[in-house]
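J.: Position chain B against the provided structure of chain A, taking the given hints into account.
Number of protein chains: 2
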Amino acid sequence: MIILYDNQTSGNAYKARLILHKRDLPYTRIEMDTDNGATRRPEFLKLNPEGRIPLLVLDDGTKLPESNAILAFLAKGTDLLPENAADFAQVLRWLFWEQYSHEPNIATVRYWITHKIEMTQYRKLAIEEKRTRGVAALGVMETHLAANDFFAAGRFTIADIALYAYTHVAEEGGGFDLTPYPAIRAWLARVAAQPRHISITA
Amino acid sequence: MIILYDNQTSGNAYKARLILHKRDLPYTRIEMDTDNGATRRPEFLKLNPEGRIPLLVLDDGTKLPESNAILAFLAKGTDLLPENAADFAQVLRWLFWEQYSHEPNIATVRYWITHKIEMTQYRKLAIEEKRTRGVAALGVMETHLAANDFFAAGRFTIADIALYAYTHVAEEGGGFDLTPYPAIRAWLARVAAQPRHISITA
Numbered sequence: 012m013i014i015l016y017d018n019q020t021s022g023n024a025y026k027a028r029l030i031l032h033k034r035d036l037p038y039t040r041i042e043m044d045t046d047n048g049a050t051r052r053p054e055f056l057k058l059n060p061e062g063r064i065p066l067l068v069l070d071d072g073t074k075l076p077e078s079n080a081i082l083a084f085l086a087k088g089t090d091l092l093p094e095n096a097a098d099f100a101q102v103l104r105w106l107f108w109e110q111y112s113h114e115p116n117i118a119t120v121r122y123w124i125t126h127k128i129e130m131t132q133y134r135k136l137a138i139e140e141k142r143t144r145g146v147a148a149l150g151v152m153e154t155h156l157a158a159n160d161f162f163a164a165g166r167f168t169i170a171d172i173a174l175y176a177y178t179h180v181a182e183e184g185g186g187f188d189l190t191p192y193p194a195i196r197a198w199l200a201r202v203a204a205q206p207r208h209i210s211i212t213a
Numbered sequence: 012m013i014i015l016y017d018n019q020t021s022g023n024a025y026k027a028r029l030i031l032h033k034r035d036l037p038y039t040r041i042e043m044d045t046d047n048g049a050t051r052r053p054e055f056l057k058l059n060p061e062g063r064i065p066l067l068v069l070d071d072g073t074k075l076p077e078s079n080a081i082l083a084f085l086a087k088g089t090d091l092l093p094e095n096a097a098d099f100a101q102v103l104r105w106l107f108w109e110q111y112s113h114e115p116n117i118a119t120v121r122y123w124i125t126h127k128i129e130m131t132q133y134r135k136l137a138i139e140e141k142r143t144r145g146v147a148a149l150g151v152m153e154t155h156l157a158a159n160d161f162f163a164a165g166r167f168t169i170a171d172i173a174l175y176a177y178t179h180v181a182e183e184g185g186g187f188d189l190t191p192y193p194a195i196r197a198w199l200a201r202v203a204a205q206p207r208h209i210s211i212t213a
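Chains A and B are the protein sequences, given in the same order. Numbering-wise (the numbering used here), the first sequence opens with residue 12 and increments by one. Numbering-wise (the numbering used here), the second sequence opens with residue 12 and increments by one.
Okay, chain A solo, but in the shape it has when bound (with noise of 0.2 Å):
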């Protein structure tokens, strides 16, 4: 069976629930407690070196890293990865994006709060370069909805899941305020009302 390395608190997790769930995939999770190390352990770093989840380990003993690679990998040969090559390359250009423009940015100062992290001089002033780099990855995503219902192929697919995993909880801890962006906030309840969905604490 399918195991999951997984924190019920990280989006780029939930993002490999969700998808499993939709595919109605049996797995085995296994709750890493990122907080206190669980990461760090040389048993996990022997699993993914980089002691980072979520971590993907399949039957035949490989090892899959990265939530966005997991996404694609799960949503294979479905309907949440298209085949054809122009929408296939318009999922793939907003999972990287995900990736390079919305999570380090979203998604980092949403950990350094909740997760009370020390605000060292560097995080302080990367903290301000973050919600600058993050509102601008909001205003993306509001132009982009204004004039589209889903990110990509004109339907729901894996960039809507990977989107939607940090987007959701944006304004957690006072990170990001969704008010401004109602193309968004009409976004997140489509992809909430999509078949088999699950929130991030399921």
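Hint data in this document are derived by calculation from the structure and do not stem from the laboratory. Check each hint, because a few of them may be wrong.
To be verified - Label-pair distances were calculated between CB atoms; the ranges are: (1) E61/A to D160/B: 15 to 25 Å; (2) P60/A to A97/B: 15 to 25 Å; (3) I14/A to A200/B: 30 to 40 Å; (4) T143/A to D35/B: 16 to 26 Å; (5) Q205/B to D44/A: 40 to 50 Å.
Claimed, not checked - Calculated from the model, a selection of chain B residues having no Cβ within reach of chain A, i.e. all distances over 10 Å: (6) D46; (7) A80; (8) W123; (9) H126; (10) T190; (11) A194; (12) A203; (13) A204.
Here a beta-carbon is modelled for each residue, glycine too, at the ideal position from N, C-alpha and C.
T.: Frame of chain A, contents of chain B only:
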């Protein structure tokens, strides 16, 4: 004909040039003077509101940003992006890793040094953080390449193109020293020896 909005010093743009050449696809190259605001002008922002290169524009007007999405789009259906799910997943895993753990550190340090970007207080602290993370990323690559000739699927794929782009110029401007990484250096030579290779300055 495909149009590539390009910049010769950009490793991300080089990825696009390299795969276009490997696939022998004709394209029009438009060099953007990023240092002098070419990507911030209204006519370019209409094509890519984020003002970034590389940007691919197809015959039908489709716009595709994100260097690794460009790689995946142009590799789809070829040996450069395996079709079987297990190999496909590992290629994507390294593409996401490159954009999350490698490029923001190794490429950014190179950019700040070679383009003489003003060292604000934030950047002074950030560059130390990025050097540490960049060295960690090179360590991950060295460990993987000590046991594997290429990053995924047991052969040359777009995962190698993506990681080659900034690794092979990591030393520019005193950024990162590759001397302690023999497996990376051997892999750089293997990548450069692949059919239809071109240099970043070609």
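J.: Would you mind marking each hint as holding or not holding in the structure?
T.: Going through the hints against the structure:
1. E61/A to D160/B: 15 to 25 Å: At roughly 21 Å between Cβ atoms, D160/B and E61/A fall inside 15 to 25 Å, so the hint holds.
2. P60/A to A97/B: 15 to 25 Å: For P60/A and A97/B the Cβ distance comes to about 20 Å; the hint holds.
3. I14/A to A200/B: 30 to 40 Å: Roughly 37 Å apart at Cβ, these two residues keep to the hinted range, so it holds.
4. T143/A to D35/B: 16 to 26 Å: violated, 42 Å
5. Q205/B to D44/A: 40 to 50 Å: Distance hint for Q205/B, D44/A holds at roughly 44 Å.
6. D46: holds, 21 Å
7. A80: Per Cβ check, A80/B is inside 10 Å of chain A; nearest 4 Å; violated.
8. W123: holds, 14 Å
9. H126: With a cut-off of 10 Å, H126/B remains clear of chain A, as the shortest Cβ separation is near 18 Å.
10. T190: At roughly 22 Å from the nearest Cβ of chain A, T190/B sits farther out than 10 Å, so the non-interface label holds.
11. A194: holds, 15 Å
12. A203: holds, 25 Å
13. A204: holds, 27 Å
The structure does not agree with the numbered hints 4 and 7 stated previously, though it agrees with the rest.
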